[in-house]
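> Chain by chain, the residues run as shown.
6 protein chains.
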Amino acid sequence: MKLTHLDENGAAHMVNIGAKPVTQREAVAQSVLTMQPETLRMILDGTAPKGDVFACARIAGIMAAKRTAELIPMCHPIPIESVDIAIEAVSETQVRVVSTLRCSHKTGIEMEALTAASVAALTVYDMCKAVDRGMRIDETLLLHKTGGKSGDYHAEGAAAR
Amino acid sequence: MKLTHLDENGAAHMVNIGAKPVTQREAVAQSVLTMQPETLRMILDGTAPKGDVFACARIAGIMAAKRTAELIPMCHPIPIESVDIAIEAVSETQVRVVSTLRCSHKTGIEMEALTAASVAALTVYDMCKAVDRGMRIDETLLLHKTGGKSGDYHAEGAAAR
Amino acid sequence: MKLTHLDENGAAHMVNIGAKPVTQREAVAQSVLTMQPETLRMILDGTAPKGDVFACARIAGIMAAKRTAELIPMCHPIPIESVDIAIEAVSETQVRVVSTLRCSHKTGIEMEALTAASVAALTVYDMCKAVDRGMRIDETLLLHKTGGKSGDYHAEGAAAR
Amino acid sequence: MKLTHLDENGAAHMVNIGAKPVTQREAVAQSVLTMQPETLRMILDGTAPKGDVFACARIAGIMAAKRTAELIPMCHPIPIESVDIAIEAVSETQVRVVSTLRCSHKTGIEMEALTAASVAALTVYDMCKAVDRGMRIDETLLLHKTGGKSGDYHAEGAAAR
Amino acid sequence: MKLTHLDENGAAHMVNIGAKPVTQREAVAQSVLTMQPETLRMILDGTAPKGDVFACARIAGIMAAKRTAELIPMCHPIPIESVDIAIEAVSETQVRVVSTLRCSHKTGIEMEALTAASVAALTVYDMCKAVDRGMRIDETLLLHKTGGKSGDYHAEGAAAR
Amino acid sequence: MKLTHLDENGAAHMVNIGAKPVTQREAVAQSVLTMQPETLRMILDGTAPKGDVFACARIAGIMAAKRTAELIPMCHPIPIESVDIAIEAVSETQVRVVSTLRCSHKTGIEMEALTAASVAALTVYDMCKAVDRGMRIDETLLLHKTGGKSGDYHAEGAAAR
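Protein chains in written order, with full-length UniProt numbering: chain A, 1 to 161; chain B, 1 to 161; chain C, 1 to 161; chain D, 1 to 161; chain E, 1 to 161; chain F, 1 to 161.
These are calculated hints, taken from the structure and not from any lab test. What you are looking at is a predicted structure, and each value in this text was computed from that prediction instead of being measured. We put the CB at the ideal spot given by N, CA and C, even for glycine. Mixed in with the good hints, there may be bad ones.
Stated by the list, open to error - Partner residues are not named here, just some residues of chain B that face chain A (Cβ under 10 Å, in silico): (1) G10; (2) V15; (3) A55; (4) M63; (5) T123; (6) C128; (7) I137; (8) D138; (9) E156.
The whole structure should be built from the sequences, with the hints applied where relevant.
Encoded structure:
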């Protein structure tokens, strides 16, 4: 087993996907933000109208997905076919971002999903940092992926979510 | 207290920093990756020459810092003056990314530091995902910041790191 | 009838084009600039050699077309196959920009055509604003489109142009 | 009087602003969209929840402002200090986008304001085009500007708005 | 014979590749840097650990390849399938960068290869300019290309390299 | 003497320019293209109207200068104040690109000048490659620089140009 992004000399390269077949791909990733309960109430309530904080984060995540290959050096450019970002409060102090991406291509779309979730979470941080600098982002991980030679993947315990 | 990125109608806007003085700013942020011990050994050992995985992640983090204002909708463009990304194994299964950024500007550089740490961590994920799809990124948070009207900030427990 | 860019909760998403067939697409869009007659003469005559104002606007439009998916949040990245930008004086005070784009893809290329025409027009504004700040851009609209499930479209009166 | 973006040979160049003083600048620009009354009702009413169409357009405009120098060839990069985008229905068939930008720099921020208004308007078009392909964008123009050697500018009739 | 990037009026346009078949393409390009022998020793030896100068240049070249269509006005966006950048000292004063790119598309990938080699070489310059401002880059050229209607191409003397 | 872009461990970082004074900077760089005499005639004559090949290359160079910090990993973002690109035939087979850039900043503008010249030259290659694939780019080097602590620099023999 080896890290395919490194050649025989250990030099980073963008691996050749030319011989791989085009298959339908899907990837679902998440990030979880933890904040003060007052911060979350402010987002959900009147003062900080929920609309625009979450709308802004969703849009930032969608736009970041399209720029994944510019950010992650060894990623291939991918013709993304859909992006959905769901953001919801999952407790009094936590917000969960889930991104779902699809494409038909020779390589997977996991990095796009992880980038979308991360940037959406960072955007929530940005919009609330003036009132809660101690917010943190955890559990950025791949929940599912389907398509491609390596087959399907489901994170342990992800079904329960 | 209110979310300054939203105006009186709850619409997102880029807040006016025109009247703020230019001050020297620093921000330090981190992300922590957890992976299989074999994955980390592969990064540190021969097969997966450490050089390029961490070099690639450091460079990706530095380059992402410069694009923060393109990714995070309400961020101001900032003339970044320095970026350092340190990446090291902190246990048999964990890698910690710490980013340190500086600028002289009317607004802070926290989002740049958080973006740099996040993208560096995502790059490690990308380069190792073929052997360990279950890697996860946690503890993306601001460790310190200095400069600006809101004063200094030190994450609780951050000194101990 | 509904706005497909919004899901059942009203949240913006990038719609799934995965099941749509690849078809040959074309879109033609325009923008019309109105300016002082002296400004237009300056562009067309000696002092403001026509070559570079219109050349610069054409090139800006072509390059902007390639960045449409970065600018318009819900647009899919598209493998553009051709871009033509025609710019000509249509009266003593008006310049018309017409962009023609083609691709073979699962979704249409109208936004690329509209973005190309708009940015070309903005570039003419930029290059002449020092002498005529009151220039304006009107009639930014889709003239024709062909290809795709929704079929052909021709703007009313567009044939007459 | 001459076009300052062209040198003595008519070649486009980015003019030298090195000797100009830094002054506080503001620019206000607009674009007006005309659409079918059903389309506008759909945006404002239930089916097409107003929140995200206008939120998405506002965010797209803010983000586009930050990329003006990448889109308009002869524009200087500018440290934008604030961006506000207001979008509102002004009749049964018209939506008006007004962008207000500020910076402290050696050159003005008009192109950023015009680009922000244009891209916000294009985003509304994109999100509604499936139901109304005949939408059009008019009256993209500079309403006001202040700061800089050339002094203040107010579009004729703009005060009445 | 004519320059296909110009239309019948001499205006630049992005040529229509819609009717061309998709074929497997490869392009190999190079750039050669000449520097002081002390500079090259510094890169290869201890003081200037070879790892990161060449790693940084390789990564910069790979990332630049993905942005070719943003930089070169008439280039089509291309779904790049692989990028390899090899950098090695070829004499006491010279470093050679060789880029190899592949795609399956309707147009060739030569510009991506040339851009990758050029930006990798510029990155070496950047990282060493503090000690050797007189470095220069020569012999930026296409070594080989295969695929496409125009057939294979091998630079004269390139076999000997 | 050491490579300032590498820290004490050889890791690449963006050096801290925070303590450096702002000074007026200028950098002049060049690239030289060699081509078949027929290719150059075609550019200069009727068939390949000179206007747009050189206009396109000039504009590409100006726009690339503004993106230098995105392309060259360790470059700081710089508020460019002017860009001039001159392109002229210097023999029957050679075209010389000279870029002149200025800024007032804490670090120099040499990389912007070199990037502008390189991308302008690559654009000429792109627009002529259909008729002359063997074109090459040489002598990409810094001609002059002024400003900054390291003082002025003039390439040997550059005065004679």
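> Hints first: check each against the structure and report whether it holds.
Right, here's what the structure says about each hint:
| no. | hint | result |
| --- | --- | --- |
| 1 | G10 | holds, 3 Å |
| 2 | V15 | holds, 9 Å |
| 3 | A55 | holds, 8 Å |
| 4 | M63 | holds, 8 Å |
| 5 | T123 | holds, 5 Å |
| 6 | C128 | holds, 6 Å |
| 7 | I137 | holds, 4 Å |
| 8 | D138 | holds, 4 Å |
| 9 | E156 | holds, 7 Å |
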